[in-house]
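Following the hints, put chain B in place on chain A, whose structure we already have.
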Amino acid sequence: MELIIAPIRFNYEVSNGLLLVFALLTGIFFGFFLEKAGFGNAGVLIKQFYLTDMRMFKVLFSAIITGMLGTFWLSYFKILDITQIYINGTYLWPQILGGILFGFGFVLCGLCPGTSCVAAFTGKLDGLAVMGGMIAGIIIFGETAPSMDKYLNFSSLGDVSIYEILNMNYGLLTFLIALFALVCFWIVGKVEERFNKKLS
Amino acid sequence: MSTKQKYPYWNPYIVGTGIGILIIISFVTTGRGLGAIGAFSSFVASIMKTIAPERTLMNPVFSEYISGIEHPLKDWVVFEIIGVCIGGLISGLLSKRFKFEVIKGPQISSVNRLILAFAGGILMAFAAKVTRGCTSGLALSGGSVLSLGAWLFMFSVFIGGYSISFLIKKVWN
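If you read the protein sequences in the order shown, they are chains A and B.
Using the working numbering, the first residue of the first sequence is number 1, and each one after it goes up by one.
Using the working numbering, the first residue of the second sequence is number 1, and each one after it goes up by one.
Just so you know, these hints were derived from the structure itself, not from any lab.
Heads up, a few of these hints could be off.
To be verified - With a cut-off of at most 30 angstroms between alpha-carbon atoms, the simulated BS3-like pairs for lysine-lysine come out as follows:
no. : chain 1 : residue 1 : chain 2 : residue 2
1   : B       : K170      : B       : K96
2   : B       : K170      : A       : K197
3   : A       : K197      : B       : K49
4   : B       : K99       : B       : K169
5   : B       : K169      : A       : K197
6   : A       : K198      : B       : K169
Okay, chain B solo, but in the shape it has when bound:
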């Protein structure tokens, strides 16, 4: 991975500034920042609605996403995340980094890596619902407007991450 690439990654400070400008543009146009987890919530809520409409409307978590007049997927964050997928794909193709593979540490099997990724995904989404936002919606966007909760969340993520990363070294190294 550290070998020289034909299309190297960009300087992180340049990318960061670019994302910061996107946040500003997003505030200026819509009054809201970027996001990610909200799109997953809308997606899940709209599927639950088609499977079990009454039950989903009764649920306080999902009803929030489907009670509007508009279709739940006709939403700012949903379209933004579809864009993220497209943008990532474009850059991946241009940089010749699009490849079907499993990214993992050398000491772990692909199957175990996928199981851990799935489990981590459950944990992360659950946590992001508890905190009312993820790295994009809460840390990046909330951090920019100096929301107290956003900054507390951000530091807590690092504390949580560092407190287990060295305990599960074998997963990644």
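Next up, chain A with everything else stripped away, as it sits in the complex:
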């Protein structure tokens, strides 16, 4: 069975201009969805970290589960060539420690990089401040990175996936993660109930 038609970019001739139009459209839908979720408002997103409204977790996890299952099944039916998909490289300690630092920043901002754009473009001045801070942060990183080179590339494992490292069947892992997500969604609902009761 030789089907494989995607990623379209690598298997058909697509002009760069068309790709950019597509990027714009994808972004418009993404921004629209984020705003509809309430994520243009830091006051809504931050409730995740006070356990009163776990929307952020629900959206993030259901999106990942959908993306994960879709990618798996499309590759299973040989429509999508998974080897041509970009897999984010793993840098063990930079990503764990950097992730914690990112979490600190997230709680200070109440927004993440993508949602700060939605906030700013719906008139929220704090969103604009986050965007400004991010530009400063990138400049600071650019100026300091050469001296931290050793640490930034420490514990690099390459483009490794969870099923490769666990030596596990890809399909089975997606099934187990989906199951785990369903349990999480149930727990998260209970947590919200409890913390909202506490407040009222």
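Chain B in isolation, oriented as in the chain A frame:
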């Protein structure tokens, strides 16, 4: 904020599924997922290039974004983020949520909130450069293809967030 709105927020699971479908479409068309921080990097790199071209080309972080044949802003993530701004604006206008304001907790002044937001932005962008991606590019897209680093990043963000949220309760409550 919790009062009834005329245009309520959508069910988070519906939005999540929608974003998941966008990720799939993005993989199917371009082989890459969504992103955000990369657009900021391209933006900063292209500005630095016009200010100090030689110095920027020497810098290993920025040269990555400007060494190509194409203009650094003619990039997938840059156009995607411009789209995010437009999409957010459209939804904000349609839902009557577009309003010039500072979103903050009741115990903090607007100026302090903006300072904290700026500081948080610095921290977040710096961290996202260290981790090679943010919530969109690493957690969402990398999480979907089961990248080990993406999942570690995601759990670390929650650990980091929860470890300070209750210490700085006054900022938000």
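Hints, verified against the model:
1. K170(B) <-> K96(B): holds (29 angstroms)
2. K170(B) <-> K197(A): holds (20 angstroms)
3. K197(A) <-> K49(B): Measuring from Cα to Cα gives roughly 54 angstroms; hence the hint is violated.
4. K99(B) <-> K169(B): holds (26 angstroms)
5. K169(B) <-> K197(A): holds (18 angstroms)
6. K198(A) <-> K169(B): Within the cut-off at roughly 15 angstroms; holds.
Violated hints amount to a single one, hint 3; each of the other numbered hints is respected by the structure.
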